[in-house]
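Engineer: Below, each chain spelled out in residue letters.
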Amino acid sequence: MWPLGRWRPGVAFFISSFLISISATGIIFIFLIVESFPIFQHEGLGFLSGSEWYPGEVYGALPMIYGTGIVTFIAVSFALPLALGSAVITSEVLSRPTRLVIKMMMELLAGIPGVVYGLLGITLLTTAVKNTFNLIDGNSFFTAGILLSIMILPTVMTLSEDALRSVPKEYRDQALALGLNRSETIFHAVLPGAIKGIAGAVLLGIGRAMGETISVMLVIGSLDRIPQPFYNIFTTGQTITSKLGREGAEALGVGYHWNALAGLGLILFLAVMGITFIGNSIVGPLSGRGINTKRKQKKR
Amino acid sequence: MKPLFTLKDVSLYYGESQVLKNISLTIDKGKVTSIIGPSGAGKSTILRTLNRMNDRIPGFQLSGEVFFDDENLYNNGTKVHLLRQNVGMVFQKPCIFPKSIYDNVLFGVRHLYSRRKHEFSQIVEETLKAVSLWDEVKDKLNQSALELSQGQQQRLSIARALAVEPRVLLMDEPTSSLDPTSTCAIEELVGRLSGNLTIVIVTHKLDQAKKIADDVVFICEGKLIEHGRSENIFSNPSQQQTKDYLKWHLCKC
Amino acid sequence: MRRDLKEVIFFSACIITTVTAISLLFIILSAILVRGLPAINLEFLTTESKEFGQNGGILYQTMGTFILIGMAGILAFPIALGSAVYQTEYLSLSLRGTADLLVYALNAVPTIIFGLFGYMFFGVFLKLGVSWLTGSFILAIMVLPTVLVSIKEAIESIPFKYLEAGLALGLTQERLVRAVIIPQSIHGMVTGLLLGLARAAGETAAIMFTATTFSGVLLPASFREPVTSLQTHILILAQEAINPRALTNAWGAALVLVALIMLMSLGSMLIRATITHEAER
Chain A
1 MWPLGRWRPG VAFFISSFLI SISATGIIFI FLIVESFPIF QHEGLGFLSG
51 SEWYPGEVYG ALPMIYGTGI VTFIAVSFAL PLALGSAVIT SEVLSRPTRL
101 VIKMMMELLA GIPGVVYGLL GITLLTTAVK NTFNLIDGNS FFTAGILLSI
151 MILPTVMTLS EDALRSVPKE YRDQALALGL NRSETIFHAV LPGAIKGIAG
201 AVLLGIGRAM GETISVMLVI GSLDRIPQPF YNIFTTGQTI TSKLGREGAE
251 ALGVGYHWNA LAGLGLILFL AVMGITFIGN SIVGPLSGRG INTKRKQKKR
Chain F
1 MKPLFTLKDV SLYYGESQVL KNISLTIDKG KVTSIIGPSG AGKSTILRTL
51 NRMNDRIPGF QLSGEVFFDD ENLYNNGTKV HLLRQNVGMV FQKPCIFPKS
101 IYDNVLFGVR HLYSRRKHEF SQIVEETLKA VSLWDEVKDK LNQSALELSQ
151 GQQQRLSIAR ALAVEPRVLL MDEPTSSLDP TSTCAIEELV GRLSGNLTIV
201 IVTHKLDQAK KIADDVVFIC EGKLIEHGRS ENIFSNPSQQ QTKDYLKWHL
251 CKC
Chain R
1 MRRDLKEVIF FSACIITTVT AISLLFIILS AILVRGLPAI NLEFLTTESK
51 EFGQNGGILY QTMGTFILIG MAGILAFPIA LGSAVYQTEY LSLSLRGTAD
101 LLVYALNAVP TIIFGLFGYM FFGVFLKLGV SWLTGSFILA IMVLPTVLVS
151 IKEAIESIPF KYLEAGLALG LTQERLVRAV IIPQSIHGMV TGLLLGLARA
201 AGETAAIMFT ATTFSGVLLP ASFREPVTSL QTHILILAQE AINPRALTNA
251 WGAALVLVAL IMLMSLGSML IRATITHEAE R
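Residue numbers (our numbering), protein chains in the order written: chain A, 1 to 300; chain F, 1 to 253; chain R, 1 to 281.
The hints are simulated quantities; they were obtained by calculation from the structure and are not laboratory data. Everything numeric in this text was worked out from a predicted model, so none of it was measured. Treat each hint with caution, since some may be false.
Claimed, not checked - Residues from chain R that keep clear of chain A, each with C-beta distances beyond 12 Å, as calculated:
1. F11
2. L81
3. Y90
4. L95
5. L102
6. E203
7. L218
8. T232
9. M264
Claimed, not checked - Anything over 10 Å on all C-beta distances counts as not near chain R; from chain A, calculated:
10. I22
11. A83
12. E107
13. L108
Stated by the list, open to error - Facing chain F, from chain R, some residues (calculated, C-beta under 8 Å):
14. R2
15. R96
16. A99
17. A179
The C-beta atom is built at its ideal place from N, Cα and C for all residues, glycine as well.
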């Protein structure tokens, strides 16, 4: 229904607001394609596979792609068990008031800005990592990954807990009545019903981790290289976002350097969008989760 | 006399399920028509067809024709909001906005007619008197309407519908959530309002239909079984299903 | 018995992770408090910064943050409201899923990309340059989904009977929006706006090279001047991590920023918790 038949100021305003809201993502996508086009012409697929990046000469994105991948992987590997374990305790064991306090705290922590996590990272975490693993430099993929895991923990935990709680109480009662003990009940009756929601929570966490800029930029060391051997995560590196944050200001709008950064932006955009769409198709496109943690919704 | 509403071979679907089956029916001006039948028979659906309140339900589809005077309601050109100003409706549960009594009465009027401000207090008084609520609330018109009892709230809903000055009032089980006293007040009110106003009321209480209706329509499983003068239907129904229903409150259709 | 052993292991693991998670979060909160509090006094809050932030306060940084998020709220709110009303009241049912998906997609865009795009679009194309207005435009797009979804959820939770009652009185769709939908979803607008402002206040990447400058500016005299902000102030000071005085001030600014954001989130939580529709009583 597109009531364009008669011009009415109210409806015209609603439509134009709506068009802005739904087209913004597309416009940004087109912008990234247009701005990065010259670098793909210039470097070809070498842009994706090259590991050298010298502004003015050669642009290879592989170290940054690697960095984003490995840092996100570390972040999720640490955040997921913590989030799941605490979600199980919060949803299945704790009393209602305690649960509400914990969830409120989580929601507040999710709001702490990236730059404050960066400050925490640069002052506390880098030193801790340096001393624990006896490194020359505390800035590393590992440090960034750990910092990100703390940052996404509240989101993943809150949404996983929502998923667990959305499993009807009857399932638990039925399983307990059949003689299963509590851990078996959780594994066989609760988790299967909540698995989609948990997957959605994890994907959302991955998207957040990939896109976080400031805190990563402050603790990763900003050196464009793939470590030798490639699994040596205790060395300094670079992610797409930290690269964009470091070099964005100097290259804004100018030359191949800018096109190359826009190309990095495009890669990041596609990765995050891909994950978001997978998440939405698993959990259901109508789920508003992750934007605001909502309580209830009546369907009409 | 020319009927006010004419339904010609109306069938109605929500998605796959057919709710009304080939209903043809006329409703007379100035009378009280009561639609009776077991629950789930489609009584409310017929009522809501008369002011197009079914339109928003997903999968809604209608075949056949519904005339209000001479206007085919389901034509594309019909101005639905004008129709609903002429055909008011009262729902099963009173729906009161979290506002004062005064503002609740004027809720429709205020948004429909822009230049009647000086008449507002008069409209409130007249309509509240018409529903016999004036004496109970005249000193607290500015208090929240949510403090009224259910029965008072339902009469307030009727006052709100009357304030728009409709020609028809549709009532969908208006007393089913009310106490006996309020029920009596509303039944008495229906009798008083008819004449100037055409009233169509859905009810599952047979004694209520008997008390207030001029005409009775008996519906079962989406089909119209019998339609006639109230006294005929209740004393001497022509269909076996109607007889069964009146006796056992059950029907096999 | 093996089953009992499994039970014990499982719950011990869960409890260990819970304790770890909660203590991590406590460490973070207490670190911010312990390190930030010593920096904070009346002078810190009410004077301008000196010697590149090593001395002096954060008055203009705080005001800069308020200017940026205030304007972002003013820009985002009407669009969010209009779009939420359109999506719930006018858009055909079959297109609603797609529209929601596009709004969630906008929410997922990494903020640094908003910075790159916003600079080229508002700064260069619309010739606003590196200015607070550019920053506010960028933040407005960024928080649009947050505000929109909150309003949309409020509208969707309006009891259907209110809409029916309005329609049955003969209100047109426009009148229904004005008489029922907007007044009944005000709580969603307030919570959405608070959440949006909180999100904008925490954002650094999108504005660091598009709207702010480190020092040397007080209040902007026109639309086309940059401001300083708490977020970027913390960022710059954090990079001088060897200088203890700079670091103390960074923690002070961080505490102020975190307190500001938490106040806004708490406000939205309180409203969400207290408001229930009368009809649901």
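Engineer: Now look at each hint and say whether the structure bears it out.
Structural biologist: Hints, one by one, checked against the model:
1. Look at R/F11: its CB is around 7 Å from the nearest CB on chain A, not clear of 12 Å, so calling it non-interface is violated.
2. Not every CB of chain A lies more than 12 Å from the CB of R/L81, the least distance being 7 Å, so the non-interface label is violated.
3. Look at R/Y90: its CB is around 6 Å from the nearest CB on chain A, not clear of 12 Å, so calling it non-interface is violated.
4. A Cβ of chain A approaches the Cβ of R/L95 within 12 Å, the least distance being about 9 Å, so the stated non-interface status is violated.
5. A cut-off of 12 Å between C-beta atoms contradicts the statement that R/L102 is not in contact with chain A; the least separation is 4 Å.
6. Not every C-beta of chain A lies more than 12 Å from that of R/E203, the closest at about 7 Å, which undercuts listing it as non-interface.
7. Non-interface call for R/L218 relative to chain A: holds, since the shortest CB-CB distance, roughly 22 Å, exceeds 12 Å.
8. The claim that R/T232 lies off the interface is violated: its Cβ sits roughly 8 Å from the closest Cβ of chain A, which falls inside the 12 Å cut-off.
9. Once the 12 Å rule is applied to beta carbons, R/M264 is inconsistent with being away from chain A; the minimum gap is 8 Å.
10. Residue placement check: A/I22 does not keep its beta carbon more than 10 Å from all beta carbons of chain R (closest about 4 Å).
11. With a least beta-carbon separation of about 7 Å from chain R, A/A83 fails to lie farther than 10 Å from that chain, contradicting its non-interface assignment.
12. Non-interface call for A/E107 relative to chain R: violated, since the shortest CB-CB distance, roughly 7 Å, does not exceed 10 Å.
13. Against the 10 Å criterion, A/L108 falls within the reach of chain R, whose nearest CB is about 5 Å from its own CB.
14. Interface hint status for R/R2: violated, as the beta-carbon distance to the closest one in chain F is roughly 52 Å, over 8 Å.
15. Annotation: interface hint on R/R96 violated; nearest CB of chain F at approximately 11 Å, more than 8 Å.
16. Hint status for R/A99 relative to chain F: violated, with the closest Cβ pair at about 17 Å, above 8 Å.
17. The interface hint given for R/A179 is met, as the beta carbon of that residue sits about 5 Å from the closest beta carbon of chain F, less than 8 Å.
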